[in-house]
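Colleague: Sequence:
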Amino acid sequence: MASASAVKVYNTDAVMHSFSCTIDYPAIFSGFTSNGFETVGRGAECAVTADIQVKYDGNTKALVHSFDTQTAAIAGNLFNVVNNGNYGIEIDNGVLTNVAYSEGDMMMLDVSAKAVDDGTDELLIVDLSS
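Using numbering that gives the first Met the number 0, read the sequence shown as starting at 0 and increasing by one per residue.
No lab work stands behind these hints: they were computed from the structure.
One or more hints might be untrue.
Stated by the list, open to error - Derived SDA-like pairs: lysine to any residue, alpha-carbon spacing no greater than 25 Å straight-line:
{"id": "1", "residue 1": "K7", "residue 2": "G75"}
{"id": "2", "residue 1": "K60", "residue 2": "V39"}
{"id": "3", "residue 1": "K54", "residue 2": "G42"}
{"id": "4", "residue 1": "K7", "residue 2": "T32"}
{"id": "5", "residue 1": "K7", "residue 2": "T68"}
{"id": "6", "residue 1": "K54", "residue 2": "V94"}
{"id": "7", "residue 1": "K60", "residue 2": "Y24"}
Said to hold, decoys possible - Ranges between beta-carbon positions, derived for each pair:
{"id": "8", "residue 1": "E102", "residue 2": "I124", "range": "15 to 23 Å"}
{"id": "9", "residue 1": "A46", "residue 2": "Q69", "range": "45 to 53 Å"}
{"id": "10", "residue 1": "T32", "residue 2": "D56", "range": "52 to 60 Å"}
{"id": "11", "residue 1": "I22", "residue 2": "N85", "range": "29 to 37 Å"}
{"id": "12", "residue 1": "D126", "residue 2": "K54", "range": "23 to 31 Å"}
{"id": "13", "residue 1": "T32", "residue 2": "A61", "range": "55 to 63 Å"}
Cβ atoms here follow ideal geometry from the backbone N, Cα and C, with glycine treated the same way.
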């Protein structure tokens, strides 16, 4: 991650310490037959969430205010990590679900976000180039 050419959280340039991204799209089994389950389907929602820890600095200090005052989903760069030609992770549209101060060796922010569907963009893009 140290070689990333760009990191954006809520369309803000950030120095990232760590992140995790979760895709939750559970299978639902119903009915029972002698051969197993009668039907298998998917849950009503495919949820994509990200938890990011970023350095608290002049760029990111406004994230707390953005979390408190957001009224709609951001339409671009909710979470974006780019390393040209090597890898990339992108969530374009979404909302902040938490922003909290995190004290450690230096002041950090724990940011949680959830992707939302705008009907045109993917919930999550993961690019693993070699």
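Colleague: So which hints don't hold here, by number, going up?
Modeller: Of the numbered hints given earlier, those the structure breaks are 2, 3, 4, 7, 8, 9 and 11, listed in rising order.
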